[in-house]
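With chain A held as given, fit chain B onto it using these hints.
So the sequences go chain by chain: A and B. Using this note's numbering, you'd call the opening residue of the first sequence number 10 and step up by one each time. Using this note's numbering, you'd call the opening residue of the second sequence number 16 and step up by one each time.
Some chain B residues well away from chain A (every beta-carbon gap over 10 Å; in silico): (1) Arg56; (2) Glu57; (3) Val80; (4) Leu81; (5) Ser94; (6) Leu100; (7) Ala158; (8) Glu323; (9) Arg334.
Quick list of the computed label-pair ranges, beta carbon to beta carbon: (10) Gly328/B <-> Asp370/A: 17 to 27 Å; (11) Val172/A <-> Pro356/B: 50 to 60 Å; (12) Pro97/A <-> Gly363/B: 50 to 60 Å; (13) Arg87/B <-> Pro30/A: 21 to 31 Å; (14) Pro356/B <-> Pro30/A: 16 to 26 Å; (15) Arg207/A <-> Pro356/B: 18 to 28 Å; (16) Arg207/A <-> Leu96/B: 28 to 38 Å; (17) Gly302/A <-> Thr215/B: 48 to 58 Å; (18) Arg324/B <-> Arg39/A: 38 to 48 Å; (19) Arg39/A <-> Thr215/B: 24 to 34 Å; (20) Arg365/B <-> Arg253/A: 51 to 61 Å; (21) Gly50/B <-> Pro69/A: 31 to 41 Å; (22) Asp227/B <-> Pro97/A: 49 to 59 Å; (23) Arg262/B <-> Gly302/A: 21 to 31 Å.
Since the hints were made in silico from the structure, they are not lab data. All C-beta atoms in this analysis are idealised placements derived from N, C-alpha and C, irrespective of residue type, glycine included.
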Amino acid sequence: MTPAPTPEQGPAAADGAWIFPLREATVTTRAALVTGATALSLVLLGVLATLSVILCVTRPGSIVWWVPLVLLPLAGCCVAAWRWEPIPVGGYVAIGVVVAASLVALTVGAAGSPAQAPAGTASFLLSMTTNVAVLIGATSDRWTGGIAGALGGYAVGEGAIVVTAAIVGLPYRLDLPPIAIAVGVAVGYAFFPLARRRARRGTALLDDADRRTRARRLRELEGRESIALLHDTLLGELAALARRDPGPLTEADRVRLATSLESSAMLPLLRDKTEPTPDGVAARLVAIGAAGGIRLRLEGDLAALDTMPEPAGAALRSALEQCVVNVARHSGVAEAWLAVAASPGRVDVTLVDEGVGFDPDAVPHDRLGLSESVHGRIERCGGSARVWSSPGAGTSVHLSVPAGG
Amino acid sequence: MALRHTPQQLDPLGGVTAQSFAWIFTFGAVATAVGLTVGHREEYRSLPLLLVAFALLGAVGAVTVLAARPRRAPFTWRSALAIHLLGLAAVGFEAAAQWGTDTAVRSDWAPLALALFVMVTGCFRPAVEILAFAGASAVVVAAVTMAGAEAAGLPLPGIVYAGLTAGPLLAAGSGAAAFSATLVRRLLRWRTQTEGVRLTAAESIRARVRDDLRDERLSLVEGEVGPFLRELLVRGETDAAAAGRARELGEALRRALVAEADEVWLEDLVAELHDPAGLASRMDETQRAAVEAACAALSRRRTSATLERAGGGIRLTLRWQRGGGGRLGPEVQAVLRSVFPGSRIRPGSRFVELDFEPDGG
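Looking at chain B on its own, in the form it has when it is part of the complex:
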């Protein structure tokens, strides 16, 4: 169970923390590549191939950093696969750039850089996938290294050199998988352990809501309807005036109830709501909470919300004005993406588009 969940699914804010480490590890990978290339420059005989390897390293870094951005959450398996494929391409081009002259296998930077990027995936991807991808990549890296060692005529068995490049990659994959599995296991355990507390909190909210509602209903009924009916009970008969009064009171009560039934939860949160079809009510509770958080973050800006049908689902667009303080922070972006997969978040253009399937529809 723990091996198939992603930490980011269970804790979107953890993914925001990990974004910083995507940058740090990318910087570390580039620094490693530059340092080892400079230190062992005599081993490289083809500058163009080396430059392609560096370009591929840059591409891996770009994929990693972009996939880790809260506004693009969650980090997908496709991004993880792209990291491995681009990283392996970099391994291949680096090997080609020093084909026959790679006398110090431990100075090959591409396998080490790939190992660093694999460590980043531990924050975002499930353990099983990390292990599978790292294992497969380690096999490819080992094969490339063995072929390069053969071409360079190195003295020890090729498998030993393969272990020096593929071993750290495998170790990084194992470490990242263990990191991911531990996070997921503990997050699930926390959810189970605190379930009772959350149920108690929900009951307390329910009790408070019922008390408030009861007071509201009593004041609605006791204002006029209650006294009228009691007076009728005491009098024991009706007349034309009572019938007229009953009609008046019935219409007033109906208007009050219809007005309440017409209330839309999103109305309280935004300055303008365009929802002619009443689609806001089709959002589930977690989606409502995420939208409420976004609106609270933007509360000092004039925010408008539009709901419309889009394809088979519903699209909520939130737009807000420039200035006024408050912003859609990375944590809210991550939560929105987690709750509304595929949503488009453009804080620079001051809008978000959130697509969802109608709840219970």
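Only chain A is shown next, with the shape it has when bound in the complex:
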């Protein structure tokens, strides 16, 4: 017999949260790329501003003093491209104009800075700001996913630099990094949907597996619960009838048979219903014991049995009833002891008899009383059940269940 399934709820429970749908992945990846590109651009501009300030301070005259100020509008464009949603046509024009104007100003500044002019249009100031223009273009692109934006950003930035350099006499130098970045960003954006589609083609397979697993698991849990109930009701009745001496049925027999028939038809629904125990769980256990010829002696915090939260309360009640029935049927004695100990978050119950005992390892495979009606129920609600017994030495059953809800 396979071990009883453990609680269905928990952090590891399959609930589909581990499969991120393609549509969501597309939007999320785009948002992350845009945020990442903006962060990269802003840090790059910050580094440039810092270097410019350092040059102004340590080598006065090596770079024109207002260069750091020109970087501010570019930073503003980074933020606008990131946060402006949606960007109207006028917004694109405004961003393009500000980027171009900033690069025009920086080219003029580079031409007038001895620390930058020798490198011509490939100076670090112009090179890095062209990279930022590429990223602003890619970030603001809401139509082609960044492809046209990256190339457009490069065209605007490099165009502004080339034209201005020609006017102010700054020598033109081919600067490869911005070209590589523009092409790389465009190719990356173009490739992303393909890579994502390829990676996500297993989503349907995983979704189906997730759904089937959940259904199978619920079937297993509900099935085990109803096996335990069938064992305690119909199987018990049939066993009693098989042992019964011939003769008329008593009123109690009739009621029990009718109840078993009724409950067996409702098995899968019973778990949601809390069986009323008007006199308390302890009194019910005493009554069950008395019906089987057992005097049940009680001690400890019996009230804890009545205040247990569900479903642990129902599981504990049903398991205890089955334990008392087992004592009545198999122990061969007329007395048993039940002790309840409640602690914060847990209730422990011990049932002891000094009867004939048995070898728990020798219980036949097809006996469902201990495995399903006691162990299964208790373990399904997150508790534990232990049985100590040996032939001639009585039996002790210890049930421990969480009481924290």
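Structure of chain B alone, referenced to chain A:
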């Protein structure tokens, strides 16, 4: 919260997408290195040191590409650390190869290559770690660059040259961290927002399962046991024949219930199951779903499953035959590695070994 999760933990399939970019960025780093070396070859005076730097670049690329493979998921902090350490070693050897002759600091390829590899980690690692590693590496790169600039007698303050090499690395780290944090934040938000939908779906599955189960139980009971007991109720007495019949019906009902209790979920999914100790039932639900997905992917092959105790845990080995169509795709590999950390996946040898701790045990 969002800064400490990894995107790959929350979305294993996203890691599969990112694998392609690990290749692209590695190619970009190598191309950058070769292009800048060729363009500024006159600055390098030691070929052996340059070759060591290239070898280290190759090692960084290998670590990146291997760590990004779905069958080795998740991308660990050790891999990220190895990328930084090997990358910094490449920075050092490149600087040594042009010691005293590095006249164009912006042409140093090793810091740029490291920045590209740092960008890859944004897909896999938590934001805080990315920022910490990138910040520390930027300090080292800045120090190396300043020393090299000093040795080359460059005219501007060393800190300016340091900014040109360490700045892009820092910017790449910030971008990668922002990318990672945004992915994680949105993934967590999606989980929270869709929790209700998933609970509703679970309730609908539960209701369907209960209906099916109720029908099954009714047909089991109503076949013979129900009519027998009703007839007894009507008759109002028992005799020896009724006792015999009750025994027969009880045994039949017990056999049916025991057979159901003996069912193992994995039996339906594989052609052969070796699980004498009933260990399959100790897997949690997400693990079961991942195994179910793997078995579904291999459904047209004859797959066998073996469960045995290994150390303190349990090992499930899935083996499948050659041919028959279907394969263990990268997405399933990534999910298996995500759900069973440390599992060994060898599609070429047609087996996977999945170790897990017993659920509720």
